[in-house]
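There are 2 protein chains.
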Amino acid sequence: MPCAAADAHPVFDQWGVAEFAFTGPAQGDPFAVRLTAEARGPGRSVRVSGFYDGGGTYVVRHMPDAPGSWTLRTQSDQPELDGLERSYTCRPAQPGNHGPVSVLEGQHFAYADGTPFRPFGTTCYAWVHQAETIQHETLVTLTESPFNKLRMCVFPKHFRYNEREPDLYPYLVTHTGSSTWHLEYGGTDAGWDFDWDRFDPAFFQHLEARIGQLAGLGIEADLILFHPYDRWGFSRRTPAQDERYLRYLIARLAPFRNVWWSLANEWDLLEAKSEEDWNRILETVADADPYDHLRSVHNCFRFFDHSHHLLTHASIQHQDLDRVVAWRQRYAKPVVVDEFGYEGDLAEDWGNLSPAELVHRSWQICVGGGFCTHGETYLDPGDVLWWSHGGALHGESAERLAFLRAVLEDAPFPLEPLMNSLPTLMTLMGRREDYTMQQFLAFMLENAADRLQGLPPFFSAFPGLERRHEYQLVYLGPRQPRTFDVMVPSGESYRAEALDTWAMTVTRLSNAVTQGDTLELPGRPHLAVRLIRVS
Amino acid sequence: MPCAAADAHPVFDQWGVAEFAFTGPAQGDPFAVRLTAEARGPGRSVRVSGFYDGGGTYVVRHMPDAPGSWTLRTQSDQPELDGLERSYTCRPAQPGNHGPVSVLEGQHFAYADGTPFRPFGTTCYAWVHQAETIQHETLVTLTESPFNKLRMCVFPKHFRYNEREPDLYPYLVTHTGSSTWHLEYGGTDAGWDFDWDRFDPAFFQHLEARIGQLAGLGIEADLILFHPYDRWGFSRRTPAQDERYLRYLIARLAPFRNVWWSLANEWDLLEAKSEEDWNRILETVADADPYDHLRSVHNCFRFFDHSHHLLTHASIQHQDLDRVVAWRQRYAKPVVVDEFGYEGDLAEDWGNLSPAELVHRSWQICVGGGFCTHGETYLDPGDVLWWSHGGALHGESAERLAFLRAVLEDAPFPLEPLMNSLPTLMTLMGRREDYTMQQFLAFMLENAADRLQGLPPFFSAFPGLERRHEYQLVYLGPRQPRTFDVMVPSGESYRAEALDTWAMTVTRLSNAVTQGDTLELPGRPHLAVRLIRVS
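Quick mapping for you: the protein sequence lines, in order, are chains A and B.
For what it's worth, our numbering labels the leading residue of the first sequence as 429, then goes sequentially.
For what it's worth, our numbering labels the leading residue of the second sequence as 429, then goes sequentially.
These are computed hints drawn from the structure, not numbers from a lab.
We put the beta carbon where it would ideally sit given N, CA and C, even for glycine.
Keep in mind that the hints are not guaranteed to be accurate.
Listed below are several chain B residues computed to face chain A (Cβ distance under 8 Å; list not exhaustive) [as the list claims (entries may be wrong)]:
1) Asp777
2) Arg907
3) Leu937
4) Val941
Below, in silico cross-link-like pairs of lysine to aspartate or glutamate (EDC-like), each with a Cα-Cα straight-line distance of 20 Å or less [as the list claims (entries may be wrong)]:
5) A:Lys761 to B:Asp720
6) B:Lys761 to B:Asp733
7) B:Lys761 to A:Glu671
8) A:Lys761 to A:Glu776
9) B:Lys761 to B:Asp808
10) A:Lys761 to B:Asp733
11) B:Lys761 to B:Glu699
12) A:Lys761 to A:Glu785
13) B:Lys761 to A:Asp733
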């Protein structure tokens, strides 16, 4: 995204990548060369790291966050790279560029320009390691999809349906005497070796080109830094090697506004790493990234401690989605359910949800106040499964997620879970079977009291989202009530609509309902009721 | 069910009601008269209680459990009722009469003659308190329904949709000066009063006639002894009054083979009773019933302590039905989920499940090793809702429950939950988010090892039931796998079928599958896979 300029005074976009190349030593250990730069702009200064890009070229990148004049001055242990200065102009962001995403108001996200960001993720773990034709198809599919976040791995993936050898590796290959590969999980006796001190710039150039393309599509790259599906040894490096990898990667990628750091997919399956290792990795990522991109850790079984002060949000794999509201309360951070089962027809329990079930779960997550991440795993004769390879979507859920996204984007921001919802309160309380009605009532009053001001003291049978005095969105799930009791602050009038979450229709029920009114519903499952304040 | 006989030596069916009437005092306090009898039959003797039936008539009933000659001899504090003797013949049970149900092999039920009993309950709480025409319609509906257990209250019910005044009360009315009724919950200032020491035999004659009709239909009467939906004061009597009520009721009804004692519906909502009260009630019921009919306590929020040694099974209200297998493990008794939401279209969360959801939940419960109870709550212009009043069924779930029942009755008995099921094991372990993969694997091996003999060490992604070396029934729920990996002991061959739980179809997949085979499935949700051993 650098904006080409004719002379030595280039122009870059706000939240674009300002990139400067320098010539330095090509021999020795260029990846060990120390190169940083101080970038100074309107009332701010940022220290950034450069990196070796091969062929004697060293690059310093920077993401300017304010329009105006900027200068950049290098520091290096190599005289020829030290003290070099460049000036450039940052112009205001172009339409569609809202800057990086960060956490807003505790449990929400927004872009740097204040635009709300509601993640609707999908998953193409190894898409950058597929054949070029598939990568292009993936980009075309994403263009027409509702997704604005993509979970993707840096390292190639070795797992069922994923045995293709990638064209490029992050590390330089030092020995290619054998053409057969050990497919054993974590196997190392491959007749092949990597130089763990030397990265392959071509790999990273390709990766960052893809990330730039995603930025152009308005898609956040939720970049997975480590994962356990590994036959090459990438998951079993030493702490020093991991740190070198992280600092190199982050120097290259942090200037991309759409990068999120997902430290791991299924962190608890990486047998070679301890919790201490993960804490150190988290500190390294936070230290190396001058832009403070979002940081999370995704689990298989055991949750990482999402309350760690360096984690910006909880990235969760789980299938009991009533609990979103409880996780939200526990961590007081945004809750992104990055894996809850994919739409597909695999034998494995993570990959065989019906489209209706995926859509239902996505609504469940959203009305709990969380954010959902899609994936698709239909068996394919060529083993091109969206979840890992990208390519084309074959399912029926994506368009319904587009409907859900549109509903939420039409809503005021931010929305919070309805606190007069019985299912919500019962989930917060824990196991219904352990409490008396009296204890439950006391809990309800204690937890809901401050949120119920102006609301009548009744409780909704359904979960939902609201913005008090403006908006309510209640999800009825597998229930099919014929009537719906309106619970809004007295004296306010609302337009009422029934939303069919599968048929993607909106039916006007009333132009003006007030507290105590009863709506008649169509009496079929998977509806939502939307109330929009009119006066 | 007494079998009429011409002379003084009557004949009764095994597990029928042998009934003998005596004349005694009609004045004074006949309900306080002490009357018991010793019934002696082939190698057994039972002490039973008699009761006052009005008009100077005292009745002693007995349920003979063995064919042969029986004699019965009374004891009483009234000379005219003391030392009376009657003889009768008990003939073997007629077809369709299998005797009372009791717990078998820990977590199952069977009739006294050894026939397996798999409860498929439904709920008509107040059907005996409706107009006669509705009661008759209810019986006709039940004749054609799949249900073999009916939850029903002794006392009339005061609750939304249930405000009709019954024709009869268990207690005699002493003052009827007012024709208006206080509809307040638990109200007593009704211009009306009951004599809490005198029962109305007509009420009980009617109730037991209905219970006898249910027995004739092969339906167990899961009789609810107390409940909180009360404007008359029945839920607020003294301990002594409760005991008198229980002993009178049990003397009359225990001889009916199809009676179960459900001590309460929503015990935790009866504000006037403490846990101590409930323990005493439980002891009274067990003490008064010489036939040891099944005993349970149903909850709203808080579970009663189902591990109480006098409770025969856990009667549960809950909506998180993955937990059935955990409750089963916790209580080591049969788990009957007597309330998990009804099919209907009410606004309330207990009464608005879609038929598909009710059917899904019923399968969930059954593959967890539990038993399910249906209910139906469609809004009705005349307020005749099956759940409380009986009448007709309007929904779509009952016929699918007939399919489920037929599937289970075609299966070997008893079935146990598949212990190589990942969802089952994960539910037993508790919250997935708290455990590492290593801890989970250790738990799996520990819990499943003794059940996995002869089974390959793989785990199923789905819950199911099995009888090792004979049968497997696996439920796929909202998942739609295209393939299914057969996991059976080596060397055994099975017929494989796909069951569509909604369409009620059975599709043969293979005549002979063995360990390691992969079945192709239709790839749609709500299927079950059935494997039946062929060699």
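Against the structure, the hints come out as follows:
1. Annotation: Asp777 (chain B) was flagged as interfacial toward chain A, and the flag holds, the nearest CB pair being 4 Å apart, inside 8 Å.
2. The criterion of a C-beta within 8 Å of any C-beta in chain A is met by Arg907 (chain B), whose closest approach is roughly 4 Å, and the hint holds.
3. Against a cut-off of 8 Å between C-beta atoms, the interface hint on Leu937 (chain B) is violated, since the closest Cβ of chain A lies about 14 Å away.
4. Proximity of Val941 (chain B) to chain A is violated relative to the hint, the smallest CB-CB distance being about 15 Å (cut-off 8 Å).
5. For the proposed pair Lys761 (chain A) and Asp720 (chain B), the alpha carbon gap of about 55 Å is over 20 Å, so the pair is violated.
6. Distance restraint check for Lys761 (chain B) and Asp733 (chain B): the Cα-Cα separation of roughly 12 Å lies within the 20 Å cut-off, and the hinted pair is therefore satisfied.
7. Distance restraint check for Lys761 (chain B) and Glu671 (chain A): the Cα-Cα separation of roughly 55 Å exceeds the 20 Å cut-off, and the hinted pair is therefore not satisfied.
8. A threshold of 20 Å between alpha carbons decides the hint, and for Lys761 (chain A) with Glu776 (chain A) the separation of about 31 Å lies outside it, so the pair is violated.
9. Under the criterion of a C-alpha separation no larger than 20 Å, the hint pairing Lys761 (chain B) with Asp808 (chain B) is inconsistent with the structure, at around 38 Å.
10. About 37 Å separates the Cα atoms of Lys761 (chain A) and Asp733 (chain B), which puts this hinted pair outside 20 Å; it is violated.
11. Using a Cα cut-off of 20 Å, the hinted pair Lys761 (chain B) and Glu699 (chain B) is violated, with the two alpha carbons roughly 28 Å apart.
12. Using a Cα cut-off of 20 Å, the hinted pair Lys761 (chain A) and Glu785 (chain A) is violated, with the two alpha carbons roughly 26 Å apart.
13. This hinted pair does not check out: Lys761 (chain B) and Asp733 (chain A) have alpha carbons roughly 38 Å apart, beyond 20 Å.
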